[in-house]
Amino acid sequence: MARVEQTKLQVLRGAVQDNFDILHGIKTRPTTETPRPLRHWLWGLLLIAGMAYLATPASVVSIGKASAPSAPAPAPVVTSGRAAGEPDVIASRPQPLNREVFPLSLKRIVIDPGHGGVQTGAVAESGLTEKEITLDVALRLRRLLIDAPFEVLLTRDSDKTLALEKRVEFANSNSADLFISIHVNWMEPRTIRGPETFFVGPTDDPLIMKLVSMENRDSKHSFTDLRQALDKIYIDARRNESRTLAKTIQGQLYGFLKQGNAALENRGVKTAPFAVLMGTQMPAILVEVSCLSNSDEVKLLTNGEYREKIALALLDGIRSYANNINGLQRKGT
Amino acid sequence: MEESNDNLCVGIDLGTSRSSISASNGERYVIDSYVGWPVDMVARKLVKKQVLVGREALDNRPMLELRRPLERGIIKEGSQKDEEAVQEILRHLISLVGVKQKSKNRPKVRAVIGVPAEAFRVSKQRLRGVMEGIADSVMLVSEPFAVAYGMEALLHALVIDIGAGTADFCVMQGRYPTEEDQRTLSNAGDSIDEQLSKLVAERYPEAQFTIHMIRAWKEKWSYVGQPQGRVMITTPVKGKATELDITDEMRAACESILPPLTETMLDLLSKVTPDYQENVRNNVILAGGTSLIAGLPEAVQKYLGELGGGRATVVKDPVFAGSDGGLAIARDASPSDWEKLSLV
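The listed protein sequences correspond, in order, to chains A and B. Numbering follows the working numbering, in which position 316 of the first sequence is assigned residue number 343; successive positions increment by one, without gaps. Numbering follows the working numbering, in which position 160 of the second sequence is assigned residue number 1213; successive positions increment by one, without gaps.
These are computed hints drawn from the structure, not numbers from a lab. Worth double-checking, as some hints may not be accurate.
[Claimed, not checked] Straight-line C-alpha distance at most 27 Å; calculated DSS-like pairs for lysine-lysine:
no., chain 1, residue 1, chain 2, residue 2
1, B, Lys1161, B, Lys1098
2, A, Lys285, A, Lys297
3, B, Lys1291, B, Lys1273
4, B, Lys1273, B, Lys1293
5, B, Lys1153, B, Lys1102
6, B, Lys1134, B, Lys1155
7, B, Lys1251, A, Lys285
8, B, Lys1251, A, Lys274
9, A, Lys134, B, Lys1134
10, A, Lys35, B, Lys1102
11, A, Lys35, B, Lys1369
12, A, Lys285, A, Lys326
13, B, Lys1324, B, Lys1273
14, A, Lys187, A, Lys274
15, B, Lys1251, A, Lys297
16, B, Lys1098, B, Lys1134
17, B, Lys1157, B, Lys1102
18, A, Lys35, B, Lys1324
19, A, Lys35, B, Lys1291
20, A, Lys134, A, Lys193
21, A, Lys326, A, Lys187
22, B, Lys1155, B, Lys1101
23, B, Lys1101, B, Lys1153
24, B, Lys1393, B, Lys1153
[Said to hold, decoys possible] Computed footprint of chain A on chain B, listed as stretches where at least three residues anywhere in the stretch have a Cβ under 8 Å from a Cβ of chain A:
no., stretch
25, 1231 to 1240
26, 1388 to 1394
Keep in mind the model is a prediction, meaning the values are calculated, not measured. Glycine included, every Cβ here is placed at the ideal spot set by N, Cα and C.
Using the sequences plus the hints, can you model the full thing?
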């Protein structure tokens, strides 16, 4: 009994101190040991990851004419926690926007056309590049959103090279409320076609892991870094909003594009540790609007009307999501 | 510690859907977290009040500008009106336990308020601001911590407080919980309502219902696992009262919170020192209105079985567990503690 009273006293002291700190604007005291920057750990893991990758049989994914990955090979994504003492390399980078306690008010969205400049992304047999499609769709989307009750910013509006970190930084520094990264897939077998939408989270799907390594190849962070950051934000509140946004966008995109394109497959909503989804502080998704590996899709993508259709579908998805969170009182909704 | 007629200790569980208060004078109340202002002169004449709170506001909603000012357990951001509404709820709760704000003999009110486990500091500061003029000293604690304190489950326990807006998790390890010991999820009662509404609309496209009806159905028939019987509701279809079977929809909606719930539970359990993980698994405490879903403790226990076994129980009084815990904290805090946390 005395022990219970003693524990009560101890936790009560903690509660009072915590409140006192908040009252006087004192930053919360660190309660756990600060991870030490054990660089050799990281290099060790990278080495193991590289060896693991080299030992992996040829992937089911082909990158076609797309340039070969220049970044270190990915380690398998695992969802277990960090080993004790493992470095917390970029764990402090994502500042979680806690959606449970701060309801989202949609004022600004950032559209991120994937790749650009020297980073062509996937390339179709015909020579059509991912970077062209993503920029075209993003520009169309910006035009369609001109009367929207929220501001729309693009990470790039021309064919320029832009590091993944810069895209993340752009969205964060502009205090965006949503981040939508547009990409075009390349998958084997080439009969695969249809959109898929990702939000941050782990995956053990080898197909998705390969895709992640392709899309993350321009990131300065290693795959181990990303995995560690993922461990940190796995249960992050931001995921709930990102999941909702992903579901809404995917639903609209598939529903819209399926009309007149019956062979289209709904590849659904998935989780994956894309670099742009890891560092952004707001609900964020990466949408693969089509497949450059599928010749029928390439034909459609060369048609401006089809790209407009994609932009319209994304518009509807954003509008539907915005209506849910901003209410119907806003103009244009 | 100090109890006198000059001081009144209260514990408040400020919930998205319902708010409860427990006071040291023995009074306890629970109200719906709704506030409404008459929309015009006519409405004001009819309701005969400047502002209505709780059930009264809900019942008179056609005549009111109705607010449910707490979203996910905290004041909605960016709206002065919602801040005023929260103030009205708190003022109302304090008045219910017998405090007359303008009375000369008004006791000093020492309030402990439960907030979501991962509430932002700025949100807490806002809440303190709202309490000015209502209480004299305020302490904000996480909701599951308040529950744990009230039950004296301070060592090797995992409290999961599932309300309407949030599900809050807190591992108690014999010390004041840190950020690492706590989690907040938005998969809670409201997300079940949304799911249920969507599923019923999909199955019965012509059925007419409101979110208030959905909540009422959920409160009456929610379950996970095996149904005890068919869930039959009566609602208008093309204006005609019709009986509909929503057994499967109810189950699917209620079970939608299980994956994030178990996922988060595992995440927190894995962070406990291995020596004590079994102790914690055997002391999982469910609280909050949504913990009343039939079959929920069994479902959690089944999941714990996959982790090596464990025990999940629902608190005896889920509605007041948070406010009773807050009251226990308020009573145990010393006068000097309260002095430190004075609003004046």
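Subject >> Which numbered hints fail >> reply: 1, 10, 13, 14 and 19
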